[in-house]
Amino acid sequence: MKQKQKWATVYLVLVFILLYTPIFYLIFYSFNEAGTMNQFSGFTLNHYSALAEDARLLIIALDTVRIALLSALIATVIGTAGAIGIYYTRQRRAQNVLLSLNNILLVSPDVIIGASFLLLFTLVGFQLGFYSVLLAHIAFSIPIVVLMVLPKLEDMNANMITAARDLGASPIQVLTSVILPSITPGILAGYFMAFTFSIDDFAVTFFVTGGGFATLSVEIYSRARQGVSLEINALSTLLFLVAVSLVSGYYFIQQQQRNRKKLSQLDPTVHEKAVTP
Amino acid sequence: MKKLTSLALIITVLSIAAYAGGLLLEQAQGTSGQDVFHLYNWGDYIDSDLIDQFEEETGYRVVYETFDSNEAMYTKIQQGGTGYDLAIPSEYMIERMIEENLVVELDHTQIHGLENIDPAFLDLNFDPGNRYSIPYFWGTLGIAYNEELLSDFEFSSWQDLYQLELENSILMIDGARELIGIGLQTLGYSLNSRDEAELAAAADVLSDLAPNIKALVADEIKMYMIQEEASIAVTFSGEAADMMWENESIVYVLPEEGSNLWFDNMVIPHTVQNEEAAYAFINFMLDPNIAAQNADYVGYSTPNEAAMAFLPDETVEDKQFYPSPEMMENLEVYQDLGLEFTGLYNDLFLEFKMFR
Amino acid sequence: MTKERKWLAVPYHLWIVLFVIVPVMLLLFQSFRGLDGSFTLVNIQTYFTSRVYLTMTLQSFFYAFLITVLTLLISYPAAYFLAQTRHKQFWLLVLILPTWMNILLKTYAFIGILSQTGFVNQGLNFIGIGAQQLLFTPLSFLIVATYIEVPFMLLPVFNAIDEIDGSMIKASRDLGAGEWQTFASVIFPLSLSGVRSGIQAVFIPSLSLFMLTRLIAGNRVITLGTAIEQNFLVTQNWGMGSTMGIVLVLIMFGVMFLTRRRRKGVTVR
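Chains as they are written, first to last, in the numbering used here: chain A, 589 to 865; chain B, -19 to 336; chain C, 8 to 276.
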């Protein structure tokens, strides 16, 4: 048993190294005196001070984060509601049709999505800029949320709903205290995927942006003509550190809350015990 | 449930914070001026100091957006979601935009300094009388190679690329017209050939070139050449200039058979909202001092004759970048091929990529 | 009850109409248009008779299949082991975080890592194999594409494994099943829903990867995505691009059909 655990740890560490190699590579070269990601010639913080003065890039970074946070949030809300809708669709065939429609955006190449959204926005006369980008990001993130939430719904014990209803719970109560708690991991997964999609997107944003609004990937792409400047590495390093600290901070707070909860386990008013993963 | 609501709350607060942060930065920078000028240009195709200078001199606030291909720019301007005031497309696209009424006719009484431009770059086929466009930069397609790594080789023509010893070593620009054009010019045909037999012959001769091609790439060519991942590349003159700046072993040559000559000109698209600013920018760019500074930064050749005086001698005298009139005669400008032949070129190109 | 539920899904249905059905209609409409704008079946005919397009489709399929298998092989054990660690949610996030780094930037990092003078080749030199041409090969494309897709497999698989009721595993052991048997007859079948979502989330987008095909593979690998991008942005042959888009949508239907849930309630809960 011990032996097995050791192998598990070794494997996870390997995967970790694999996934982080390019990240560490980028971070390492953000301190490179020479301007490229090739030969390391000496340590410098120049790229960081250049970044501090580059207000345009900083504004773009903040805009990118804002778009990602908001679009993922809205997409998660709409997507979760949609998944519940699909789950409750009685006919098998209707369910399949809905799911197929859902997945179309996942398979469409970004260029097609971008071009057709551009057509759509101009057809309606929508001004291109922050809101068009936000709307586009929400639109292409919804299907992944549905895909993450739906399996959780299907695994949910349907008897719980019946039981809750028999006990006189209102539809909203059923939703908030039976359905949502049991699909929370799926919702969170959906949010993270949506966030990731938004942060990663280049092609769609490129088409639907306007009025000088840009996200990081669009900006990086246009700057990449001269080879990516290490200022971008510096910025990514900082953003990455922020993300790591936010995630660890959040996790730490959660842990503390959970520990407190454990202490109050004897308290019969605590229902959420079964819910938190 | 509590967990979900609190998370949603945190996210909302964070995004408001990001918004506020952005506003603060904008205010600190003073970029929230009223008189906006929308410039739509290739990525990294202007010295950013010049944008600052233009803002200072004229009081306009420049909103700078970039594109990576003429076609992407065309799509966005055609759809007209944003009020671009000035764009800088290439000649064949300008021809098409004129045809489709996507550009505004220029009022020449408002343009000052056109006499600085070399007459050779004015009144060209794609825009007779420069009714719609003003030259910005021009350049060629040629061969960039590393003298150190390829000391046994001489390159002066497209034909030289076919040598068997060069197996798997050429970086080729990822463009249909560029690649098919090399095939056509190797055989002595025109770059704008609309003869199916000639095109088939070109595709045939290119299949001999295929084994020598290491990769078909785009802007990255510059990086690869500087890092010596490859020793030879087919690329544009300005890209080559940048490579030579970073790696002294690199040389750029214009092939004897001839090559492509291209122009990027400033146009006022139909989406214009601030015409006054557009003219101010055109006049700014026509200034010899400004044009020289920009050419020095970007690396492409300037059409501004008066600006040549402000450029280093070694740049101006370099025949590979400012070719002699005889060499110029060998160069050909792309013409709009029409839909059918554009399609054929691209089919041949795709086939080349698939089965090389 | 039903009324509220309907109301709940209204934004979602609105989304389907506006951002799915309308664009697909536009796409369909475009795919029946020739270069001159007239109604024609020529695009579909070209697609299904052209050696180039058919080979490309098969090639895309082949690479997407390999990428999916590789990501599954890497992610499944990782998700399985991860589910047994103490701070599993935290470590999961740590493994997902690299996806937030800009993809183009990571690609450039890979270019540095895999280049002639990069550290993989330095390592190969060190152990005496000598530097190899790694960039511009299908292998490097597979490596980078797998790298990019792993998190999208890891997450759903982890969620499925994590959901498995601990008491089932215990019951299986109590009934005398060994480690392997428990895995094969309890854990694996119960994690299949996650594997299915993972395959959907990886295979389908892998068909249309572009940018990587040029940056990492130097166009030695051509996927449907590359060709579609070419048709939309370079040739401006939106008709052909749309036709390929429709083909992709049809392939997606196929994948969905193959990975669908066979029967509801197979798993005893």
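There could be a bad hint or two in this list.
Pairwise CB distance ranges (calculated) [to be verified]: (1) C:44 with B:256: 16 to 22 Å; (2) C:175 with A:761: 51 to 57 Å; (3) B:167 with C:47: 47 to 53 Å; (4) B:188 with C:55: 27 to 33 Å; (5) A:676 with C:68: 55 to 61 Å.
From the derived model, a few chain C residues whose C-beta atoms are all more than 10 Å from chain A [unchecked claim]: (6) 49; (7) 81; (8) 113.
Honestly, the hints are just simulated from the structure, not real lab data. The beta-carbon is built from N, C-alpha and C at its ideal position, and this holds for glycine as well.
Open item on the list: Please check whether the beta-carbon of residue 113 of chain C is more than 10 Å away from every beta-carbon in chain A.
Closed with: violated, 5 Å
Task: Cβ distance range 51 to 57 Å for residue 175 of chain C and residue 761 of chain A, holds or violated - done: About 29 Å separates the Cβ atoms of residue 175 of chain C and residue 761 of chain A, which means 51 to 57 Å is violated.
Open item on the list: Is 47 to 53 Å respected by the C-beta to C-beta distance linking residue 167 of chain B and residue 47 of chain C?
Closed with: 33 Å Cβ-Cβ, so the 47 to 53 Å window is violated.
- [ ] Could you tell me whether the CB distance from residue 44 of chain C to residue 256 of chain B stays inside 16 to 22 Å?
- [x] violated, 37 Å
- [ ] Starting from the range 27 to 33 Å, see whether the pair residue 188 of chain B and residue 55 of chain C falls in it by beta-carbon distance.
- [x] holds, 31 Å
Open item on the list: Verify this label for me: residue 81 of chain C is non-interface relative to chain A, using a Cβ-Cβ cutoff of 10 Å.
Closed with: Per Cβ check, residue 81 of chain C is inside 10 Å of chain A; nearest 7 Å; violated.
Open item on the list: Quick check for students: does the CB of residue 49 of chain C sit more than 10 Å from each CB in chain A?
Closed with: Holds, since 20 Å exceeds 10 Å.
- [ ] Confirm or reject the claim that residue 676 of chain A and residue 68 of chain C have a C-beta distance inside 55 to 61 Å.
- [x] Violated: the Cβ-Cβ distance is about 35 Å, outside 55 to 61 Å.
The structure shown violates the earlier hints numbered 1, 2, 3, 5, 7, 8.
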